[in-house]
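> Sequences and hints are given; from them, build the entire structure.
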Amino acid sequence: MTDVITRADEHTEAPPPVPTKGGAKDRWARRAPLLPALVFAIIVTQVPFLVTIYFSTQSWNALRPGSRKFVGFDNYITVLTDDRLRSALLNTVILTAGAVIFSMILGLALAILLDRKFLGRSIVRTMLITPFLIMPVAAALLWKHGIYNPDYGLINGIFGGSTAWATSYPKTAIITTLVWQWTPFMMLILLAGLQSQSNDVLEAARVDGAGAWRIFTRMTLPHLRQYLELGALLGSIYLVNTFDAIYTITQGGPGTATTNLPYEIYQTIFSKYEYGEASAAGVVVVILTIIVATFALRVISGLFKVEEGR
Amino acid sequence: MTTIAAPPSGAASTKTRRKVGNAVWGVVAWIAGIIFVFPVIWMILTSLKQAKDVTTNPPVWFFTPTFEHFTNVFDSNITPFLLNSLMASVFSTLLVVVLATPAAYALSLRPVAKWSDALFFFISTKMMPVVAAVLPVYLLTVKIGMKDNIWTMVILYTSMNLPLAIWMMRSFLLEVPREVLEAGEVDGAGLLTSIRRIILPIVSPGLAATALICFIFTWNEFFLAVNLTDTNASTAPIFLLGFISGRGPFLADLSAAAVLLSLPVLIAGWVAQNKLVRGLSMGAVK
Numbered sequence: 001m002t003d004v005i006t007r008a009d010e011h012t013e014a015p016p017p018v019p020t021k022g023g024a025k026d027r028w029a030r031r032a033p034l035l036p037a038l039v040f041a042i043i044v045t046q047v048p049f050l051v052t053i054y055f056s057t058q059s060w061n062a063l064r065p066g067s068r069k070f071v072g073f074d075n076y077i078t079v080l081t082d083d084r085l086r087s088a089l090l091n092t093v094i095l096t097a098g099a100v101i102f103s104m105i106l107g108l109a110l111a112i113l114l115d116r117k118f119l120g121r122s123i124v125r126t127m128l129i130t131p132f133l134i135m136p137v138a139a140a141l142l143w144k145h146g147i148y149n150p151d152y153g154l155i156n157g158i159f160g161g162s163t164a165w166a167t168s169y170p171k172t173a174i175i176t177t178l179v180w181q182w183t184p185f186m187m188l189i190l191l192a193g194l195q196s197q198s199n200d201v202l203e204a205a206r207v208d209g210a211g212a213w214r215i216f217t218r219m220t221l222p223h224l225r226q227y228l229e230l231g232a233l234l235g236s237i238y239l240v241n242t243f244d245a246i247y248t249i250t251q252g253g254p255g256t257a258t259t260n261l262p263y264e265i266y267q268t269i270f271s272k273y274e275y276g277e278a279s280a281a282g283v284v285v286v287i288l289t290i291i292v293a294t295f296a297l298r299v300i301s302g303l304f305k306v307e308e309g310r
Numbered sequence: 001m002t003t004i005a006a007p008p009s010g011a012a013s014t015k016t017r018r019k020v021g022n023a024v025w026g027v028v029a030w031i032a033g034i035i036f037v038f039p040v041i042w043m044i045l046t047s048l049k050q051a052k053d054v055t056t057n058p059p060v061w062f063f064t065p066t067f068e069h070f071t072n073v074f075d076s077n078i079t080p081f082l083l084n085s086l087m088a089s090v091f092s093t094l095l096v097v098v099l100a101t102p103a104a105y106a107l108s109l110r111p112v113a114k115w116s117d118a119l120f121f122f123i124s125t126k127m128m129p130v131v132a133a134v135l136p137v138y139l140l141t142v143k144i145g146m147k148d149n150i151w152t153m154v155i156l157y158t159s160m161n162l163p164l165a166i167w168m169m170r171s172f173l174l175e176v177p178r179e180v181l182e183a184g185e186v187d188g189a190g191l192l193t194s195i196r197r198i199i200l201p202i203v204s205p206g207l208a209a210t211a212l213i214c215f216i217f218t219w220n221e222f223f224l225a226v227n228l229t230d231t232n233a234s235t236a237p238i239f240l241l242g243f244i245s246g247r248g249p250f251l252a253d254l255s256a257a258a259v260l261l262s263l264p265v266l267i268a269g270w271v272a273q274n275k276l277v278r279g280l281s282m283g284a285v286k
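Protein sequences appear in the order of chains Z and F.
By UniProt numbering, the letter at position 157 of the first sequence is numbered 157, and the numbering carries on one by one without gaps.
By UniProt numbering, the letter at position 138 of the second sequence is numbered 138, and the numbering carries on one by one without gaps.
It is worth saying that the hints were derived from the structure and are not from the lab.
Among the clues, some could well be false.
Taking lysine-lysine and the BS3-like style, the derived pairs with C-alpha atoms no more than 30 Å apart in a straight line are [what the hints assert, rightly or not]:
hint, chain 1, residue 1, chain 2, residue 2
1, Z, 25, F, 114
2, Z, 144, Z, 25
3, Z, 171, Z, 25
4, F, 275, Z, 117
5, F, 275, F, 19
6, Z, 144, F, 15
7, F, 19, Z, 117
8, Z, 272, F, 143
9, F, 147, Z, 272
10, F, 147, Z, 69
11, Z, 144, Z, 171
12, Z, 69, F, 143
13, Z, 272, Z, 117
14, F, 52, Z, 117
Here it is as structure tokens:
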């Protein structure tokens, strides 16, 4: 495995040596298996995005036919100055960061618990990954009606009171649901990280008299760093797109308290028909995601290097 | 490390201490597991309750179970939704596998030049928020009469899962020992023979895991389904929305539907949990 990666790396760094025989034919033989997937991905994902960029320069409301015209960056100015969109941006950051941070902390704690041997460990692991497998819309409906409902929801049923959780604490309600669904994801990645840690080294540290806390902070956490980063970044990339939970639990409300960018863009397209503005907002979301994704890719490349060094 | 040679009795006591510690933390883990799975248990309980027991406060814990809500679900025309979900999931998974496997091969065992650029291109398409492409896709499908068509969904779901599958398959293909491949080549095995005899047997569990994860993501997908389907091509998650009507204690029926629709993915996920990590991290973590 190591061999493959280093070799391929040499390929990218230095120009590949001119093949003595086969030449162009060999290159095409190598490329051919890649082409269908590449062409498919470009047509289905890149072309629509280029069209979105084009739409974003148009003043275009589908309810006013014939009003469509080129306005340059006007939509972007609207997007960046509009209060609704700014609050949507802020909500996106709060909801994403909240869900990622809490699911990360819980996931780490659970991964550490599951890294030990105990009776029924595999059953507990199965129980813990279950929330991640439930259909997100089903999960959101379950939380909204079965758990947050003021009259017969589980929380009020157990603890009493008549709080309408989803309307009184909308952000918390959304984040709680997301944390419930995403903690298993973080746990699985961090557990993989913990289990890839060399047992001999830990044993040696123990024999040397290092306490559990010292071992954790000095050895385990640094080892886990890449896994923590990977979990946080992949989690952010998925959670920035959160739509199911918001559509189902709060419809972005009350007011705009839980309207995030995907939901706002959805409304701009499908209820306000402001195609130009929605497109500009979409492009802004992509730019923000690229920033996060750049870091994500760096982490993944880092893991490649680790793989290489082995 | 070099100086300490702990007396055997001391070593034994640390061992027992560690055992007791493990047992205590095991109990904590069990409690955490039960808390996490509880909402799902609650959903299952609700789906089995008599109508009168569903919306009580405080909640009813002991009741005579009934399957009437499951019957209600089947009576409410679930079949087309299930068929649509099944079609979208199966066909897009097949298409993903057909496209991703050769691509992953070209990016791992016999790498093309600039393989890492191609690899990162694919992953960047996964990181692009779908809201940024939905409008052109929506307008195009309306224009050419392909909106609310299951094949449109198949193509979109394929593009959604393709990068994931390529990354995953690549990480499985890298596990094929190169020496074995080269030995095969020296012995005169052609490409097809080495694929059939050497590569496939090694990667088929990985292939299965990849397919499974694509299936799960397609089965659960909501955003595209809600925006691009109406009546003909609606998938299972859309069926659930239809269930929130004002009529009576809908919660039990809803729970029954949610249990039914989550079941395939739950079972698949439980069975494949060892491979799940690798799929979710796109092969970056084992």
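> Decide, hint by hint, whether the structure agrees.
Quick rundown of the hints versus the structure:
The hinted pair formed by residue 25/Z and residue 114/F meets the criterion: a straight-line CA distance of about 17 Å does not exceed 30 Å. For the suggested pair residue 144/Z and residue 25/Z, the alpha carbons sit about 60 Å apart, so the restraint of at most 30 Å is broken. For the hint pairing residue 171/Z with residue 25/Z, the CA-to-CA distance comes to about 58 Å; that exceeds 30 Å, so the pair is violated. Restraint check for residue 275/F and residue 117/Z: satisfied, since their Cα atoms lie roughly 20 Å apart, inside the 30 Å limit.
For the given pair, residue 275/F sits about 29 Å from residue 19/F by alpha-carbon distance, which is consistent with the 30 Å threshold. For the hint linking residue 144/Z to residue 15/F, the alpha-carbon distance of about 47 Å lies beyond 30 Å, and the restraint is violated. The suggested pairing of residue 19/F with residue 117/Z holds, with an alpha-carbon distance near 9 Å, which does not exceed 30 Å. In summary, the hint linking residue 272/Z to residue 143/F is supported, as the alpha carbons are separated by about 20 Å, within the 30 Å threshold.
Only pairs whose Cα atoms come within 30 Å are accepted, and residue 147/F paired with residue 272/Z is accepted, the gap being roughly 20 Å. Of the pairs offered as hints, the one joining residue 147/F and residue 69/Z holds, with about 26 Å between alpha carbons and a cut-off of 30 Å not exceeded. Distance restraint check for residue 144/Z and residue 171/Z: the Cα-Cα separation of roughly 13 Å lies within the 30 Å cut-off, and the hinted pair is therefore satisfied. Straight-line distance between C-alpha atoms of residue 69/Z and residue 143/F comes to about 20 Å, which keeps the hinted pair within the 30 Å bound.
Between residue 272/Z and residue 117/Z the CA atoms are separated by roughly 56 Å; this puts the pair beyond 30 Å, and the hint is violated. For the proposed pair residue 52/F and residue 117/Z, the alpha carbon gap of about 44 Å is over 30 Å, so the pair is violated.
Hint check: violations occur at hints 2, 3, 6, 13, 14; the rest are consistent with the structure.
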